[in-house]
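K.L.:
Below are the chains, spelled out letter by letter.
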Amino acid sequence: MKLYQLVLKDILRRKKRVFFAALGILIATMTVVGILTIATAGQARIYSQLEKYGANLNVVPAISNVDMKLGDLSLGALTVGENYIPEVKLPEIRQIADGKIKEALGIKDDANIATIAPKLYVNTKVKGTSLLVVGIDPGEERTIKTWWKIQEGKYLEAKDQALLGALTAQLLNLKIGDRISLNGSDVTVTGILEETGSSDDYHIFVPMPTLQSAFGKEGIVSSVDIRALCNACPVEIIADSINQNITGVRALAVKQVAETEMGMVEKMNKFMLALAGITLVIGAFGVVNTMMTSVHERIKDIGIMRAVGASRRQIIKAFIYEAVIIGILGGIAGYLAGTLVAYGAGPLVFEGTAITYIPQYLPLSLLLAIFVAVVSTAYPAFRATTIRVSDSFRSL
Amino acid sequence: MLEVKNASKVYGKGDTRVVALNNISLKVNKSDFMAIMGPSGSGKSTLLNVIGGLDRLSGGEVILDDKRIDNLDENALVEIRRSKIAYVFQQYHLLPSLTALENVFLPLLFRGANGNSLDKAMDILKAVGLGKRAKHKPGQLSGGEQQRVAIARAIVNDPSLILADEPTGNMDQKTGAEILSLFDQLNREGRSIIMVTHSPEVAKHAREIVFLKDGQITDRVEQPERI
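In order, the protein sequence lines correspond to chains C and Y.
Position in the first sequence counted from 1, then plus 44, gives you our numbering.
Position in the second sequence counted from 1, then plus 467, gives you our numbering.
In case anyone wonders, no lab produced these hints; they're calculated from the structure.
Ideal Cβ positions, reconstructed from N, Cα and C, are used throughout, including at glycine.
Hints may contain errors.
[Said to hold, decoys possible] Heads up, incomplete: computed chain Y residues facing chain C, CB under 10 angstroms, no partners named:
hint	residue
1	G519
2	L521
3	R549
4	F572
5	L585
6	K587
7	M589
8	D590
9	N624
10	M638
11	T642
[What the hints assert, rightly or not] Partner residues are not named here, just some residues of chain Y that face chain C (Cβ under 8 angstroms, in silico):
hint	residue
12	E541
13	S609
14	R620
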């Protein structure tokens, strides 16, 4: 039998006391893990909300004076003139966008990176009501508008189909399967979007070629949205390069919104870390207190051990073994409890946020718990060994 | 083998000053059995503590095997506790969470145990008649049994001097007698024993009785024809 085995046996026989010592560690670790897990989830949520800004580059015809600063949100004021972008310029735009991103991120392969979603706006009358019909590339548009949800029916799959904004369907009293005429060409309503709160609610979306042929606008688009959302994406460089190399178009970066949001995320992270740090310090004090009590309660035991030949070093060692075990127990339990707390409280802090447990926090909480336990035990244990043996018997 | 020279111990300062030991000198030879008697507060336990290094002297010397031990540092005292001096206390002072066997094994563990030292602890436990109680914890043992465990623990490192502080103080006469016969046996095996007691019956087992009062030796009685 070795000293650590003795400590282990001793711990197993004093489960209750060990439980209370570990409880302090558990609470400290739980709080830190809980806060960090919630913060991580909140951060992910803000990033995903950030993605809802969709495009971060907007390409419009050069002579268009339409204010496009807020992306398609301001399109209500758009009076589409005869200013279009020829479709043949789309591959050039993609080449520049992908090229610059690959350059910035150091990627070599040929895959497409940026999402390039052309749009054609046509103002027309459907069932006697004037509204905006938007020709889109269904696949690319879906990638940009991650927040789109189909309320009824399905998303665009074939040429002669139409996707309705929620309010358009309501106002025109259209249902799935209804046919509508666009300048003589018939399309079938296949899907209705959920309300988005944007001007999309008032539009009708049809595949680009359908709209182009219905209104005789083959080969041209009104604008192009480009999404290249990553921290390092050189949005401004892409815009400059498009403006310099492609004639007849004007590219605008909408990076500012993203930067503001990113700044907020960083501030929030700092705040959360500060909170976690303060909790840790407070928790550590609690642990020191528990451990000091635990050592104090055993001053007599320490006296006994010294009377039968234990050196100071051996006694401190025994307490450190115990602290390590308590730290491991408290650390694991604290990680589990913290994750549970995050699952419970996270959705209340960031509405509707899905919490995911973070396995990397397990070794982190273990280290933290063991460190706090050992540090808070070593000192009182050392102090206890400086008490005279005869006094330690008298103390209880 | 043990000599105490002009030992004094003073607690506190000024008005609260208490003289626990006042210029005590005594000598214990190999295989001696000395009983220290006196009323409570006479300094009996303090004397035992300073002899074994559990407490420090205010003045004087303690000499064990021709070496001063009252001025040793903690590490050197640890060595002496591991090899030469062992204690038996009135309250047994066993670790409550360990079994009888583990309590006996404890001194071997601290000394640096090897593979068969658990067997050695078991042998000693058998020798004090507690082989069948090895797996019991102190709480499950009677006072007499606990004291046997404590005695087994005291002798497991084969000390030459055993310091016993009222070892039968918590026992009825019959159990006390059994424990005392154990001490007699240890004494016959050649160990020196210093035993603090307030019971004249117990003191009859000693070869020499030293009477203490107010920290001073008031009388010494030799009893060569002890029981």
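K.L.:
Next, verify each hint and record whether it holds.
P.N.:
Here's how the hints hold up against the structure:
1. Checking Y:G519 against chain C: minimum C-beta separation of about 8 angstroms stays under 10 angstroms; hint holds.
2. About 4 angstroms separates the beta-carbon of Y:L521 from the nearest beta-carbon of chain C, less than 10 angstroms, and the hint is met.
3. Among the interface hints, the one on Y:R549 holds; its C-beta lies about 4 angstroms from the nearest C-beta in chain C, closer than the 10 angstroms criterion.
4. Taken as an interface hint, Y:F572 checks out: its beta carbon lies about 7 angstroms from the nearest beta carbon of chain C, inside 10 angstroms.
5. The interface hint given for Y:L585 is met, as the beta carbon of that residue sits about 6 angstroms from the closest beta carbon of chain C, less than 10 angstroms.
6. The beta carbon of Y:K587 is not positioned within 10 angstroms of any beta carbon in chain C (closest approach about 12 angstroms), and the interface hint is therefore violated.
7. A hinted interface residue such as Y:M589 counts as satisfied when its beta carbon comes closer than 10 angstroms to some beta carbon of chain C; here the least separation is about 12 angstroms, so the hint is violated.
8. The beta carbon of Y:D590 comes no nearer than 16 angstroms to any beta carbon in chain C, farther than 10 angstroms, and the hint placing it at the interface is violated.
9. Taking 10 angstroms as the C-beta contact cut-off toward chain C, the hint placing Y:N624 at the interface holds, the least distance being around 7 angstroms.
10. Restraint check, Y:M638 versus chain C: the minimum CB separation of about 19 angstroms is more than 10 angstroms; hint violated.
11. Taking 10 angstroms as the C-beta contact cut-off toward chain C, the hint placing Y:T642 at the interface is violated, the least distance being around 22 angstroms.
12. The closest approach between the C-beta of Y:E541 and any C-beta of chain C is roughly 6 angstroms, which is under the 8 angstroms cut-off, so the hint is satisfied.
13. Of the supplied interface hints, the one on Y:S609 is violated, with its beta-carbon coming no nearer than about 19 angstroms to a beta-carbon of chain C, more than 8 angstroms.
14. With 8 angstroms as the threshold, the beta carbon of Y:R620 comes within range of chain C, its nearest partner Cβ sitting at about 6 angstroms, so the hint holds.
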